[in-house]
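Novice: If you want the building blocks of each chain, they are given just below.
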Amino acid sequence: QSALTQPPSASGSPGQSVTISCTGTSSDVGGYNYVSWYQQHPGKAPKLMIYDVSERPSGVPDRFSGSKSGNTASLTVSGLQAEDEADYYCSSYAGSNNYVFGTGTKVTVL
Amino acid sequence: QVQLVESGGGVVQPGRSLRLSCEASGFTFSGYGMHWVRQAPGKGLEWVAFISDDGSYKYSVDSMKGRLAISRDNSRNTLYMQLNSLRTEDTAVYYCARDRATHFDCWGQGTLVTVSS
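Chains as they are written, first to last, in my numbering: chain A, 680 to 789; chain B, 806 to 922.
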């Protein structure tokens, strides 16, 4: 199972929006509405930000939103804040009780 | 609150074995499936293995099949993973995470396994 493809980096100024893509195949991202997104600060554990493409867990700011079209999912962070600077990983169910993660995107707040 | 605490990592020689543990608290452990996910230094996340709430179903990534055994003791609220025939490429932080079928909603802080001679 190959990792999902994410851009290595993305950036934006405070208050701006940044969108991260996550490209897979019809066997994972395109085949299921089970894409999730995780935020990871350096040296910390990942934190769930979005699940089932666009659902937000309680406690996650509504500045974070998710979407999907075909084999590509996207995470948008609106109104960027300094604390949003982190690595972001997408993940998808890939069938046959397998899960696959994305390659990761480092978001920098300029 | 939900807490997952991994332990058992360390430095091990290639070919040796190691058992990792993940102690859960703050929720009904026996009601949830659990996963192991690993992250090599400076690299991305990789799903490793899953065990169902009662331990009857177990799945693992193809690259580690035959070298790992996932288990759990619901009476001790603890998840385990036995790693055998360790290779240098198994060097990583190993996280346990709670299953919500389509995603992982809570994660431990991780335990570092370093495979080196």
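Do not take every clue at face value.
Below are the DSS-like pairs computed for lysine-lysine, each with C-alpha atoms no more than 30 Å apart in a straight line [said to hold, decoys possible]:
| hint | chain 1 | residue 1 | chain 2 | residue 2 |
| --- | --- | --- | --- | --- |
| 1 | A | 726 | B | 863 |
| 2 | B | 848 | B | 863 |
| 3 | A | 785 | B | 848 |
| 4 | A | 747 | B | 848 |
| 5 | A | 747 | A | 726 |
| 6 | A | 723 | A | 785 |
| 7 | B | 848 | A | 726 |
| 8 | A | 747 | A | 785 |
| 9 | A | 723 | B | 870 |
| 10 | B | 863 | A | 723 |
| 11 | A | 726 | A | 785 |
| 12 | A | 723 | A | 747 |
| 13 | A | 726 | B | 870 |
| 14 | A | 723 | B | 848 |
Hints in this document: simulated from the structure, not taken from any laboratory.
Everything numeric in this text was worked out from a predicted model, so none of it was measured.
Novice: Give me the numbers of the hints this structure contradicts, sorted from smallest to largest.
Specialist: Violated hints: none at all, because every hint is consistent with the structure.
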